[in-house]
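Keeping their order, the protein sequence lines are chains A and B. Each residue of the first sequence is one higher than the one before, counting from 1 in this note's numbering. Each residue of the second sequence is one higher than the one before, counting from 1001 in this note's numbering.
Accuracy of the hints is not assured; some may be wrong.
Stated by the list, open to error - Simulated restraints, written as ranges between beta carbons of each label pair:
hint: 1; chain 1: A; residue 1: Asn30; chain 2: B; residue 2: Tyr1155; range: 27 to 37 Å
hint: 2; chain 1: B; residue 1: Ser1077; chain 2: A; residue 2: Pro27; range: 16 to 26 Å
hint: 3; chain 1: A; residue 1: Leu16; chain 2: B; residue 2: Thr1151; range: 55 to 65 Å
hint: 4; chain 1: B; residue 1: Tyr1155; chain 2: A; residue 2: Val15; range: 37 to 47 Å
Said to hold, decoys possible - Stretch by stretch, here's where chain A covers chain B in the computed footprint (C-beta under 8 Å, at least three residues):
hint: 5; stretch: 1058-1070
hint: 6; stretch: 1094-1104
hint: 7; stretch: 1126-1134
No lab work stands behind these hints, which were simulated from the structure alone. Glycine is no exception: its CB is placed at the ideal position from the N, C-alpha and C atoms.
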Amino acid sequence: MDKETAAIALVLITVLAVFAAVEPILPANNQPFSELGVLGPSQTIGGYPTSAVTGHPFLLYGYIGDHEGLSSFYQLLVKAGNQTTQVSNSTSAQAPVIFSYSHVLENNQTTTFPMNLTVSSSGTNVRLIFELWSYDTANSSYVYTGLWNQLFLNVTSH
Amino acid sequence: MSRSAGLLCLVLVLIALGLCAGPVTAAAVTPTQVSSATGAIQSAFASTLSAEKSGGNTSSLVAQLNAAIQLVQKAESENATEPAQAAADLQNATAIAQSVMAESPSVGQAGSAARQTTEATSVGAASVIILVAALTYIFGGRAYRMAWLRTHRDYVVRPANG
């Protein structure tokens, strides 16, 4: 092995060894994100109800995941809207809240929880809107994460 | 009036007072009380997050926070039927939140110390690796040749045609 090849090999080995040594103090998560899911009564993606009766509870499951790199204090809000209710990744829906659930998750933790929902007014294409909010300690208030989901129901009075 | 008649009158009066008073009911918890307990949990979360940013292991604090949140949700759901239990649950939730707030600074300090140790170890290891690499580059060839000579010092070199 000539001198140049030995020097290059030495540099490569040194760089790899230094990277291994400082790896524990490098930031782990460069793209933080949260997860929101709505599951059917059997805790799967499917079997969602298409109709409901006013005042009669029905079961769905919520799913939240935290990959923000830190613990997060989440709040899931379920709102009863209609087809004209405006909701987007930047704007939360202006509709009455019919259910809320709060939970603190550590980084890379997820949780699945039951939601017993009751709709009080009848109508076709009643739109259940599921929004994920996160507590912002800097402002001491919940902030809309931009994650939302929806489910359309035909709600009858009996 | 005899003594027994007096006792009978006293008992009757007590019974009458009991009937007039009606069932004893506890006051339902107010939205202000719920808001106060929720505020305590939010403050405790902020304290926990600060401890986590310092490098502390906050798993047990997060578990306690979730227990407090569940108590508040339970209190809200049972407020109409069991107001006394709802009030007790809110008090417990507030107490848990205060406990988390009290614990989190020490968790943060422990995490900060552990993080400093890890950082010092990593930087120290990296420095040693670079130093060894530099020494190897500068003195490696000479050291190898000296070692080779030392291990082969007793060898006798003879000419191939001798």
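Each hint, compared with the structure:
1. A:Asn30 x B:Tyr1155: 27 to 37 Å: violated, 58 Å
2. B:Ser1077 x A:Pro27: 16 to 26 Å: Given a distance of about 41 Å, which is not inside 16 to 26 Å, the answer is violated.
3. A:Leu16 x B:Thr1151: 55 to 65 Å: violated, 30 Å
4. B:Tyr1155 x A:Val15: 37 to 47 Å: holds, 38 Å
5. 1058-1070: holds (count 6)
6. 1094-1104: violated (count 0)
7. 1126-1134: holds (count 4)
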